[in-house]
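Asks: Those sequence lines, one after another, are chains A and B.
Note that the numbering used here has the first sequence beginning at 1, numbered continuously upward.
Note that the numbering used here has the second sequence beginning at 1001, numbered continuously upward.
Derived by calculation from the structure, the hints in this document are not laboratory data.
The C-beta atom is built at its ideal place from N, Cα and C for all residues, glycine as well.
Any given hint might turn out to be false.
[Said to hold, decoys possible] Interface residues of chain B toward chain A, partial, derived using beta-carbon atoms under 7 Å:
id, residue
1, Thr1027
2, Glu1031
3, Gln1116
4, Ala1120
5, Ala1154
Listed below, chain by chain, are the residues.
Number of protein chains: 2
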Amino acid sequence: MERSSTTPGGSARREATRQKLYEAAVTLIAEQGFSATTVDEIAERAGVAKGTVYYNFASKSVLFEELLRHGVGLLTASLREAAERTEREGGSKVDALDAMIRAGLVFIDRYPAFTQLYVAELWRTNRAWQSTLMVVRQQAVAVVEGVLREGVAAGEFSEEIDVPLTAAALVGMVLVAALDWKSFQPERSLDDVHAALSRLLQGRVSGRG
Amino acid sequence: MERSSTTPGGSARREATRQKLYEAAVTLIAEQGFSATTVDEIAERAGVAKGTVYYNFASKSVLFEELLRHGVGLLTASLREAAERTEREGGSKVDALDAMIRAGLVFIDRYPAFTQLYVAELWRTNRAWQSTLMVVRQQAVAVVEGVLREGVAAGEFSEEIDVPLTAAALVGMVLVAALDWKSFQPERSLDDVHAALSRLLQGRVSGRG
DNA sequence: ACTTTTGCACTGACCAGTCAGTTCAAAACG
DNA sequence: CGTTTTGAACTGACTGGTCAGTGCAAAAGT
Chain A
1 MERSSTTPGG
11 SARREATRQK
21 LYEAAVTLIA
31 EQGFSATTVD
41 EIAERAGVAK
51 GTVYYNFASK
61 SVLFEELLRH
71 GVGLLTASLR
81 EAAERTEREG
91 GSKVDALDAM
101 IRAGLVFIDR
111 YPAFTQLYVA
121 ELWRTNRAWQ
131 STLMVVRQQA
141 VAVVEGVLRE
151 GVAAGEFSEE
161 IDVPLTAAAL
171 VGMVLVAALD
181 WKSFQPERSL
191 DDVHAALSRL
201 LQGRVSGRG
Chain B
1001 MERSSTTPGG
1011 SARREATRQK
1021 LYEAAVTLIA
1031 EQGFSATTVD
1041 EIAERAGVAK
1051 GTVYYNFASK
1061 SVLFEELLRH
1071 GVGLLTASLR
1081 EAAERTEREG
1091 GSKVDALDAM
1101 IRAGLVFIDR
1111 YPAFTQLYVA
1121 ELWRTNRAWQ
1131 STLMVVRQQA
1141 VAVVEGVLRE
1151 GVAAGEFSEE
1161 IDVPLTAAAL
1171 VGMVLVAALD
1181 WKSFQPERSL
1191 DDVHAALSRL
1201 LQGRVSGRG
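Sequences and hints are given; from them, build the entire structure.
Replies: Have a look at this one:
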């Protein structure tokens, strides 16, 4: 019997197969795009028969949607964890933002292909998985917005900041800097990149500092 | 005789047709991606026969590559103009960055579809137009890097900033904030968005200011 | 026993690119 | 003038290939 998407009760074997398919799909789709990637390619790279893909996922699009949910789930959890850890350690809200920047970089360092694919799809319209994407995007951005709002409430940030826009800008800053890092100067260390972004966040660009 | 790509000596009629094809292609590809967009669709939206596409462009990929060059050319010119205008008016380097942020926003406001498509393709590997994209990207980023370097030389920016990374981060900030603006809160004014980004650039996030 | 995977042949839709033929404005001609 | 010719620009039916998705019997795994 065919089982639907978010099934925790899948056998270990089945879960392993799905994982292999995710990994194969993510790199191929990141490189080539969704439409240019064939199901045969995905199956081959995963070392699995084509029929297995269809035994595990209703269609190519569904495989992709679940991949999106899976990946953004990891990211959101990681961001939230960073914010909460800072909280526990008594850090300020700027510290929390900084910790989230690092968490974002670590994520992109670990899953560059997923990030790539996510960015490529995020602002598209008229696609099957559009609604999935919106939901999932909101989960991630909401974590950043939450910290900004708490910072404003605590008087640490100006009341005049535009929370959604600032959140988007921060996300963009990390996203683009990290993708450039991975694509064009992969030899740099994560700490280097983090330092540059930290500086920008804290307005330590101007001045001789 | 068939004429090649960057031909200034094209007839007015031909140039008009190519323009229509660019406009049709840019929105369709932004919405659906390159592979999911068919040449028939492009031709239909441009109000032209399929053969005409192939009379004007060697292939679907070539059409897309020239579209990329065309669009990034516009952006680069606009950024450079903003930087030079600030220079002439005796503004500081921060002013120049700010003017470029605005120029970027104006561009994205006018050509949201192009921006979308550009972002979706920028970090892909193994694609036909990869090299075109690199060249064209470098042109645009170089303008920002130039201003940053001049700012460092003039002692206005810290010598410790990482020019390429900071440039990428700034571009990302504008890109993502603007795409979010257009996609999710299109009713906001450009000035609003500009103000939020300006604030972030000048480190006026912290504090009650 | 039953779930999952395999292998592979098959179908039908879809699509990039081709090419023989049409259109028409402007040049050449009488 | 009016007529004929030229060729760039355009057209759209057609072709050859590709690919998502199916079907199913046998094997492997738990």
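Asks: Hint by hint, say whether it matches the structure.
Replies: Hint-by-hint comparison with the structure:
1. Here the hint on threonine 1027(B) is broken, as its CB sits about 10 Å from the closest CB of chain A, past 7 Å.
2. Residue-level restraint check for glutamate 1031(B) holds (minimum Cβ-Cβ distance to chain A is 5 Å; threshold 7 Å).
3. The beta carbon of glutamine 1116(B) comes within 5 Å of a beta carbon in chain A, closer than 7 Å, and the hint placing it at the interface holds.
4. Because the beta carbon of alanine 1120(B) sits about 4 Å from the nearest beta carbon in chain A, less than 7 Å, this interface hint is met.
5. About 11 Å separates the beta-carbon of alanine 1154(B) from the nearest beta-carbon of chain A, more than 7 Å, and the hint is not met.
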